[in-house]
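Protein chains: 2
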Amino acid sequence: MKSQLRKYLERHITLSEDEFEAFYACFEQNTYQKKDFLLKEGETCRHKHFILKGLVRSFYIDEKGTEKITQFAIENWWVTNTESFALQKPSNIDIQAVEETTTLSINKVEFEKSLSQIPQLERFFRIVAENMVIAIQRRYGFYMKMNSKIRYEHFVEWIPDFAQRVPLYMIASYLDITPEYLSQLRKG
Amino acid sequence: MKSQLRKYLERHITLSEDEFEAFYACFEQNTYQKKDFLLKEGETCRHKHFILKGLVRSFYIDEKGTEKITQFAIENWWVTNTESFALQKPSNIDIQAVEETTTLSINKVEFEKSLSQIPQLERFFRIVAENMVIAIQRRYGFYMKMNSKIRYEHFVEWIPDFAQRVPLYMIASYLDITPEYLSQLRKG
Chain A
1 MKSQLRKYLE RHITLSEDEF EAFYACFEQN TYQKKDFLLK EGETCRHKHF
51 ILKGLVRSFY IDEKGTEKIT QFAIENWWVT NTESFALQKP SNIDIQAVEE
101 TTTLSINKVE FEKSLSQIPQ LERFFRIVAE NMVIAIQRRY GFYMKMNSKI
151 RYEHFVEWIP DFAQRVPLYM IASYLDITPE YLSQLRKG
Chain B
1 MKSQLRKYLE RHITLSEDEF EAFYACFEQN TYQKKDFLLK EGETCRHKHF
51 ILKGLVRSFY IDEKGTEKIT QFAIENWWVT NTESFALQKP SNIDIQAVEE
101 TTTLSINKVE FEKSLSQIPQ LERFFRIVAE NMVIAIQRRY GFYMKMNSKI
151 RYEHFVEWIP DFAQRVPLYM IASYLDITPE YLSQLRKG
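Protein sequence lines, in the order shown, are assigned to chains A and B.
Take the first sequence: its letters are residues 1 to 188, numbered as in this note's numbering.
Take the second sequence: its letters are residues 1 to 188, numbered as in this note's numbering.
This is chain A alone, in the form it adopts within the complex (with noise of 0.2 Å):
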């Protein structure tokens, strides 16, 4: 567990032993069942959640009363809501446990020490929240205006995991289109 987080942080930056420890020393371990909530729309957000093993999705309901998943992330990936997190105010988004799920979590107030005694941190956390812009802008804005099809064999192609391990209606409300189209699609 350990070890899983530190070779993720050495990607992007290099600590001390000691750094390594004093950061890890902040994270608390949990484990959620399929179904359970990391986050309900309406709390605020009080933590930053690195994923050790598992799966989750982000989503929100709209004015119909549907289920729009607005992200998906699994092992070695954060997850949080940033806005609710940074500003710590109530979220708008919901965060959900698709599978049985393992965390390591830290909360805002040993996040931000953690950040101001070593500042590496900082040069990681910027690289992780440019990845998170990434991510959204290839999920929004240009990735939506590709056609169904295109978008789908994008998916399987760009995160091949995912196709395997959510269910299909899940897909579908990621990609915005129907379950239906989407099972006509895997079919050929």
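Wrong hints could be hidden among the right ones.
[What the hints assert, rightly or not] Examples of chain B residues lying across from chain A (beta carbon under 7 Å, computed):
id, residue
1, Thr82
2, Glu83
3, Ile118
4, Glu122
5, Ala129
6, Glu130
7, Met132
8, Val133
9, Ile136
If you're looking for bench data, these hints aren't it; they were derived computationally from the structure.
Where a beta carbon is used, it is the ideal one built from N, C-alpha and C, also for glycine.
Add chain B to chain A, keeping to what the hints say.
Just chain B now, with coordinates in the frame of chain A:
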């Protein structure tokens, strides 16, 4: 111009005189006429632009040939294509001046150099990237769950400057509603 950038940086970090001067020396000042492009689809994004004065939009052309505006940016905002800039790959979007626009622009090499020489800039750009996540998630995700009327009211309330400075058809594109319906909404 110098003081405007400094004032903006000091919202989040404190640099010494020498640090600020070294960072400022990495920028060049550019002026774009209305309709000039800061970045064209297919080009690699080489710069981050800090807007001193003016207004730009980011957009793409969808499969039906319609312009879809993904972002507006005004004075004291940063604009770039994050994916194209970070990965130095061709951009999927255009960035174009809506008004005559003056920027302070920093290229990729100077940007990386500054961040390694002045670690506090990592904190600054971490916060800039998180604010971008927040802005994009407001724009998509849960923003779109509101109906068109409430979406327009939020837009006017949240960024009142834009509603005055941006042509109606661009606001409609950004809010993903028809110009005709937007016109009705404005009449109340």
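Evaluated hints:
1. For B/Thr82, the interface hint holds, since its Cβ comes within 7 Å of a Cβ in chain A; the closest pair sits about 4 Å apart.
2. Interface restraint check: B/Glu83 against chain A, minimum CB-CB distance 4 Å, threshold 7 Å, status holds.
3. Hint on B/Ile118 is violated. Least Cβ distance to chain A is approximately 11 Å, over the 7 Å limit.
4. Given hint, B/Glu122 at the interface with chain A, holds; its Cβ is 4 Å from that chain's nearest Cβ, closer than 7 Å.
5. The beta carbon of B/Ala129 is positioned within 7 Å of a beta carbon in chain A (closest approach about 4 Å), and the interface hint is therefore held.
6. Because the smallest distance between the Cβ of B/Glu130 and any Cβ of chain A comes to about 5 Å, under 7 Å, the interface hint for this residue holds.
7. Checking B/Met132 against chain A: minimum C-beta separation of about 5 Å stays under 7 Å; hint holds.
8. Evaluation of the B/Val133 hint against chain A yields a held restraint, the C-beta minimum of about 4 Å falling below 7 Å.
9. Using the Cβ-Cβ criterion of 7 Å, the hint placing B/Ile136 at the interface with chain A is satisfied: the shortest such distance is roughly 5 Å.
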